[in-house]
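Put chain P on the given structure of chain D with help from the hints.
For reference, the chains in residue letters:
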Amino acid sequence: MIAQLILTGLLLAALFYAWIEYPRSPAVGLLTVLAAWAGLFFVWFPEQATRIAAWVGIGRGVDLVIYVWIGISLIVLLNLHLKIRAQMELITVLARKIAIAGAREGQGPPFAVAPTLTPGDDSEKPRSVP
Amino acid sequence: MTTALVPPHEAWVVFAAYNEARVIADVVADVRHAGHPAVVVDDGSTDGTGAAAREAGATVLEHPINLGQGAALQTALEYAVSAGAEFIVTFDADGQHRARDIPRLMEALLRGGADFALGSRFLGDTLNMPSARRRLLQAATWFTRATTGLRITDSHNGLRAMTRRGALAIRLKQNRMAHASEILHQIAASGLKYVEAPVTIEYSTYSLAKGQQLGDSLSIVLDLFARRLHR
Chain D
1 MIAQLILTGL LLAALFYAWI EYPRSPAVGL LTVLAAWAGL FFVWFPEQAT RIAAWVGIGR
61 GVDLVIYVWI GISLIVLLNL HLKIRAQMEL ITVLARKIAI AGAREGQGPP FAVAPTLTPG
121 DDSEKPRSVP
Chain P
1 MTTALVPPHE AWVVFAAYNE ARVIADVVAD VRHAGHPAVV VDDGSTDGTG AAAREAGATV
61 LEHPINLGQG AALQTALEYA VSAGAEFIVT FDADGQHRAR DIPRLMEALL RGGADFALGS
121 RFLGDTLNMP SARRRLLQAA TWFTRATTGL RITDSHNGLR AMTRRGALAI RLKQNRMAHA
181 SEILHQIAAS GLKYVEAPVT IEYSTYSLAK GQQLGDSLSI VLDLFARRLH R
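Sequence lines, in order, name chains D and P. Under this note's numbering, residues 1 to 130 are what the first sequence spells out, in order. Under this note's numbering, residues 1 to 231 are what the second sequence spells out, in order.
So that you can see chain D by itself, here it is in the shape it has in the complex:
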């Protein structure tokens, strides 16, 4: 019974996590909800868990609960990866602003005066102007 309560608490926490994450990452939110509800079902109906476990070739219901928990952990890892990507996007925006603000013009001669673009014609060389 104690184990059931602890697992229930953890799975409810997973549901809460899914609720928070859903607006930013619907796929992660939905997967976590599905896994957490499956986990709750297996925790409170162990005989059903054992039956389903035998049907899918796992053996014991308790193993099924462990596998579900591993699944939730992998989903959370995926979400952490996505969060790191999101952080990288913010860093990119910041770096871009710094780069644009610090743009430095070239040291070479001013733009060459070249003939108007003519396809396939590179024979006439441009002359530079002061």
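Bear in mind the hints are in silico, worked out from the structure with no lab data behind them. Do not take every clue at face value.
Here are the computed lysine to any residue pairs in the SDA-like style, where the Cα-Cα straight-line distance is at most 25 angstroms [claimed, not checked]:
1) D/Lys97 - P/Arg176
2) D/Lys97 - P/Lys173
3) P/Lys173 - D/Leu78
4) D/Lys83 - D/Trp69
5) P/Lys173 - P/Ala139
6) D/Lys97 - P/Phe143
7) D/Lys97 - D/Ile84
8) D/Lys83 - P/Pro64
9) P/Lys210 - P/Thr141
10) P/Lys173 - D/Gln107
11) D/Lys83 - D/Ser73
12) P/Lys173 - D/Ile100
13) D/Lys83 - P/Met177
14) P/Lys193 - P/Leu127
15) P/Lys210 - P/His9
16) P/Lys193 - P/Phe143
17) D/Lys97 - P/Gln186
18) P/Lys173 - D/Met88
19) P/Lys173 - D/Trp44
20) D/Lys97 - P/Asp92
21) P/Lys193 - P/Ser204
22) P/Lys193 - P/Pro64
23) D/Lys97 - P/Ile152
24) D/Lys97 - P/Ala21
25) D/Lys97 - D/Gln107
26) D/Lys97 - P/Gly158
27) P/Lys173 - D/Ile98
28) P/Lys193 - P/Arg171
29) P/Lys173 - P/Thr200
30) P/Lys173 - D/Gln87
31) P/Lys173 - P/Val81
32) P/Lys193 - P/Met177
33) D/Lys97 - P/Asp47
Stretch by stretch, here's where chain D covers chain P in the computed footprint (C-beta under 8 angstroms, at least three residues) [as the list claims (entries may be wrong)]:
34) 45 to 56
35) 60 to 71
36) 76 to 84
No experiment lies behind these values; they were computed from the predicted model shown. Note that the Cβ used here is the ideal one computed from N, Cα and C, for glycine as well.
For chain P alone, coordinates are given in the frame of chain D:
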């Protein structure tokens, strides 16, 4: 037949460069010699790429850290648009593109009434292209055609021209190599007109060493997939 279309100084050429000090000066000089403004985004190089590009006459923007080619390209597009560019050409910094292909791109862009002109080596020419690279690019093109609906012949060609309106429709989120696919997805999503133009790609030992490898393809697919999982 050659026809006057637009002065070269109206077509800004932008580069994303990372540790290209060996070649960037020649590449920029080639473009500048043709009369184009050049903008180089130095993506956190440690070999003096930015200084070499600036000495060759390019306006240089420096990322404080290395972010990837896609991030640098987006920086270049945003800068060029903010500086008033009406036409923007993206150009590889490793020396495999030729400045004399820019008029062909611009002609295709303007005559086609398009917002994007995409360079195609398979409509044009390739020099020293390994057969394995050809097969990889053809597979990538097939994949891109299937996923975007764009009828293109070369999906990973960095030589493109676009109008200001086209550049404003591009918002690259893929910092690294997957940006080449992302830009095509965004072109398709924008509904803006695109055309292809024949260009020449010249492979050298240097550009092949810097270019994409087979293993990068998997990273690109994973990046594209991961991007769809979050907002």
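Hint check:
no.: 1; hint: D/Lys97 - P/Arg176; verdict: holds, 18 angstroms
no.: 2; hint: D/Lys97 - P/Lys173; verdict: holds, 15 angstroms
no.: 3; hint: P/Lys173 - D/Leu78; verdict: holds, 19 angstroms
no.: 4; hint: D/Lys83 - D/Trp69; verdict: holds, 21 angstroms
no.: 5; hint: P/Lys173 - P/Ala139; verdict: holds, 23 angstroms
no.: 6; hint: D/Lys97 - P/Phe143; verdict: violated, 34 angstroms
no.: 7; hint: D/Lys97 - D/Ile84; verdict: holds, 20 angstroms
no.: 8; hint: D/Lys83 - P/Pro64; verdict: holds, 22 angstroms
no.: 9; hint: P/Lys210 - P/Thr141; verdict: holds, 20 angstroms
no.: 10; hint: P/Lys173 - D/Gln107; verdict: violated, 32 angstroms
no.: 11; hint: D/Lys83 - D/Ser73; verdict: holds, 15 angstroms
no.: 12; hint: P/Lys173 - D/Ile100; verdict: holds, 17 angstroms
no.: 13; hint: D/Lys83 - P/Met177; verdict: holds, 20 angstroms
no.: 14; hint: P/Lys193 - P/Leu127; verdict: violated, 29 angstroms
no.: 15; hint: P/Lys210 - P/His9; verdict: violated, 29 angstroms
no.: 16; hint: P/Lys193 - P/Phe143; verdict: holds, 21 angstroms
no.: 17; hint: D/Lys97 - P/Gln186; verdict: holds, 22 angstroms
no.: 18; hint: P/Lys173 - D/Met88; verdict: holds, 10 angstroms
no.: 19; hint: P/Lys173 - D/Trp44; verdict: violated, 44 angstroms
no.: 20; hint: D/Lys97 - P/Asp92; verdict: holds, 23 angstroms
no.: 21; hint: P/Lys193 - P/Ser204; verdict: violated, 33 angstroms
no.: 22; hint: P/Lys193 - P/Pro64; verdict: violated, 35 angstroms
no.: 23; hint: D/Lys97 - P/Ile152; verdict: violated, 33 angstroms
no.: 24; hint: D/Lys97 - P/Ala21; verdict: holds, 24 angstroms
no.: 25; hint: D/Lys97 - D/Gln107; verdict: holds, 23 angstroms
no.: 26; hint: D/Lys97 - P/Gly158; verdict: holds, 24 angstroms
no.: 27; hint: P/Lys173 - D/Ile98; verdict: holds, 18 angstroms
no.: 28; hint: P/Lys193 - P/Arg171; verdict: holds, 17 angstroms
no.: 29; hint: P/Lys173 - P/Thr200; verdict: violated, 28 angstroms
no.: 30; hint: P/Lys173 - D/Gln87; verdict: holds, 12 angstroms
no.: 31; hint: P/Lys173 - P/Val81; verdict: holds, 18 angstroms
no.: 32; hint: P/Lys193 - P/Met177; verdict: holds, 24 angstroms
no.: 33; hint: D/Lys97 - P/Asp47; verdict: holds, 23 angstroms
no.: 34; hint: 45 to 56; verdict: holds (count 4)
no.: 35; hint: 60 to 71; verdict: holds (count 8)
no.: 36; hint: 76 to 84; verdict: holds (count 3)
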